[in-house]
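Peer 1: As a plain string of letters, each chain reads:
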Amino acid sequence: MTNEPAPAAAPAAPVSTETDAHPHANYLAVFGALCGLTLVSVGFDLLPNPPKLALVALVFGVATAKAYCVMAWFMHLKFEGAWKYIVLVPTSLLGLGLVLALLPDIAIHYYTVEADPTDAVAALVENEDGPGMRAEADATDGELSE
Amino acid sequence: MSAEASLNSVPAGHAVPSVPSRMGLPIRNGKLGIWLFLGTEVMFFTALIGSLIVLRGGAAAWPSQETMHVKLWAGAVNTLVLLTSSYFVVVALNKLGSGDAKAARKYLALTLLLACLFLGIKAYEYSGKFAHDLLPGRVPETAEIARRKVLAGTATVLLDVPVNDEGAEQAPVRTAAEDLATYVRAEDPAVEPLAERVEAFRKEFPAHAAAIPEVAVIPGANLWLSTYFLITGLHAVHVIVGILLLAIPLLAWNLSRAWFPFLENTALYWHFVDLVWIFLFPTVYLI
Numbered sequence: 001m002t003n004e005p006a007p008a009a010a011p012a013a014p015v016s017t018e019t020d021a022h023p024h025a026n027y028l029a030v031f032g033a034l035c036g037l038t039l040v041s042v043g044f045d046l047l048p049n050p051p052k053l054a055l056v057a058l059v060f061g062v063a064t065a066k067a068y069c070v071m072a073w074f075m076h077l078k079f080e081g082a083w084k085y086i087v088l089v090p091t092s093l094l095g096l097g098l099v100l101a102l103l104p105d106i107a108i109h110y111y112t113v114e115a116d117p118t119d120a121v122a123a124l125v126e127n128e129d130g131p132g133m134r135a136e137a138d139a140t141d142g143e144l145s146e
Numbered sequence: 001m002s003a004e005a006s007l008n009s010v011p012a013g014h015a016v017p018s019v020p021s022r023m024g025l026p027i028r029n030g031k032l033g034i035w036l037f038l039g040t041e042v043m044f045f046t047a048l049i050g051s052l053i054v055l056r057g058g059a060a061a062w063p064s065q066e067t068m069h070v071k072l073w074a075g076a077v078n079t080l081v082l083l084t085s086s087y088f089v090v091v092a093l094n095k096l097g098s099g100d101a102k103a104a105r106k107y108l109a110l111t112l113l114l115a116c117l118f119l120g121i122k123a124y125e126y127s128g129k130f131a132h133d134l135l136p137g138r139v140p141e142t143a144e145i146a147r148r149k150v151l152a153g154t155a156t157v158l159l160d161v162p163v164n165d166e167g168a169e170q171a172p173v174r175t176a177a178e179d180l181a182t183y184v185r186a187e188d189p190a191v192e193p194l195a196e197r198v199e200a201f202r203k204e205f206p207a208h209a210a211a212i213p214e215v216a217v218i219p220g221a222n223l224w225l226s227t228y229f230l231i232t233g234l235h236a237v238h239v240i241v242g243i244l245l246l247a248i249p250l251l252a253w254n255l256s257r258a259w260f261p262f263l264e265n266t267a268l269y270w271h272f273v274d275l276v277w278i279f280l281f282p283t284v285y286l287i
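For the record, the sequence lines run as chains A and B. Read left to right, the first sequence gives residues 1 to 146 (the numbering used here). Read left to right, the second sequence gives residues 1 to 287 (the numbering used here).
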């Protein structure tokens, strides 16, 4: 555990140069790239009638590239040790996992969400054999009558 | 002194003193703390933005940016503002690390100015939503709801304007509001003619225009607005917290290299706020 002076307590003695040693990068170039990428994503949006899915892929691709620039250079993750994976990979997976878990039921509609509540309630009330049995019995009756 | 040398220095027959082992990761405690916090923030904002994407995918209707008065230029400018502030804060950190506290303070001040500019543009965008009554739960998604909203508006006007004595001429706005309510009840009008009548009323009585907002039926608008205000509002709260954190070293009378760990942690937080906006910008303004 390191003994850092608390900034709010107005530290008197400066810490050693080792404490604030951190990698330097060409931040201006990174900033220029970020601005350029922002203009590129706006340019994609101004294209005449772009296919929706292509637009989504392009603008989120550009956003991911911008996020990489910020994280790698501005947040110095490019120069950090492997501990960054311990902190960021599980949290990112959990965040994405929530979205992926919700997508099929709410966003994709791979099954019909419409049901007739009247029929459902009637089946529960009238069917002495339990839910679902009435439908099977009706189907059997129908086959016999044919 | 190496471990072997220290062990050799212990006289024979004496117990070897226990040396506390070095635990943890090779970073400062404060930095580890802020990264753990940012990890929770990753989950928080991924859930929020992910919910917006999922809800949008499942919505029967989703309004366009034009319909919701979303200004692309405002989003683009705010993106550039936050990116510039991120650049300034990293330069401030560099300057402080090299011992140039005066330059660090200058870049911190620029960062704070840009943060306030970001909030100002955001407030301008919010004011547009309020002006058009584009608020969660306030936008009619069917013609019937639009008619009820106009009737509620006319009732508000009639409550606001006092009734004159019997025989005296009523205030023109009362008469107009009563006429409008009668028209809605009797004609059951479609959206377009209703919108024209309401617009005529608003032009004639601008002082009471707020009571009867413009008629616009926008399917899916309320869900859009709920997600918009929730996510951009929570991001704005993070910007405000960032402003407070950045103001501490800026206002410190003894800003020096001793502040480097604090400023580094604050800078990491500020970059994260920028990072969230990088994904919010395409989600809200572009697609």
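Derived from the structure by calculation, the hints contain no laboratory data. Some hints could be false.
Unchecked claim - Okay, derived cross-link-like pairs now, DMTMM-like style, lysine to aspartate or glutamate, Cα gap no bigger than 20 angstroms in a straight line:
#: 1; chain 1: B; residue 1: 203; chain 2: B; residue 2: 165
#: 2; chain 1: A; residue 1: 84; chain 2: B; residue 2: 214
#: 3; chain 1: A; residue 1: 52; chain 2: B; residue 2: 66
#: 4; chain 1: B; residue 1: 149; chain 2: B; residue 2: 125
#: 5; chain 1: B; residue 1: 203; chain 2: B; residue 2: 214
#: 6; chain 1: B; residue 1: 129; chain 2: B; residue 2: 214
#: 7; chain 1: B; residue 1: 203; chain 2: B; residue 2: 166
#: 8; chain 1: B; residue 1: 203; chain 2: B; residue 2: 133
#: 9; chain 1: B; residue 1: 129; chain 2: B; residue 2: 178
#: 10; chain 1: B; residue 1: 149; chain 2: B; residue 2: 214
#: 11; chain 1: B; residue 1: 71; chain 2: A; residue 2: 80
#: 12; chain 1: B; residue 1: 31; chain 2: A; residue 2: 45
Peer 1: For each hint, tell me whether it holds in the structure or not.
Peer 2: Hints, verified against the model:
no.	hint	result
1	B:203 to B:165	violated, 27 angstroms
2	A:84 to B:214	violated, 52 angstroms
3	A:52 to B:66	holds, 16 angstroms
4	B:149 to B:125	violated, 24 angstroms
5	B:203 to B:214	holds, 11 angstroms
6	B:129 to B:214	holds, 12 angstroms
7	B:203 to B:166	violated, 28 angstroms
8	B:203 to B:133	holds, 17 angstroms
9	B:129 to B:178	violated, 28 angstroms
10	B:149 to B:214	holds, 10 angstroms
11	B:71 to A:80	violated, 38 angstroms
12	B:31 to A:45	violated, 38 angstroms
Hint compliance for this structure: hints 1, 2, 4, 7, 9, 11, 12 are not met, and every other hint is.
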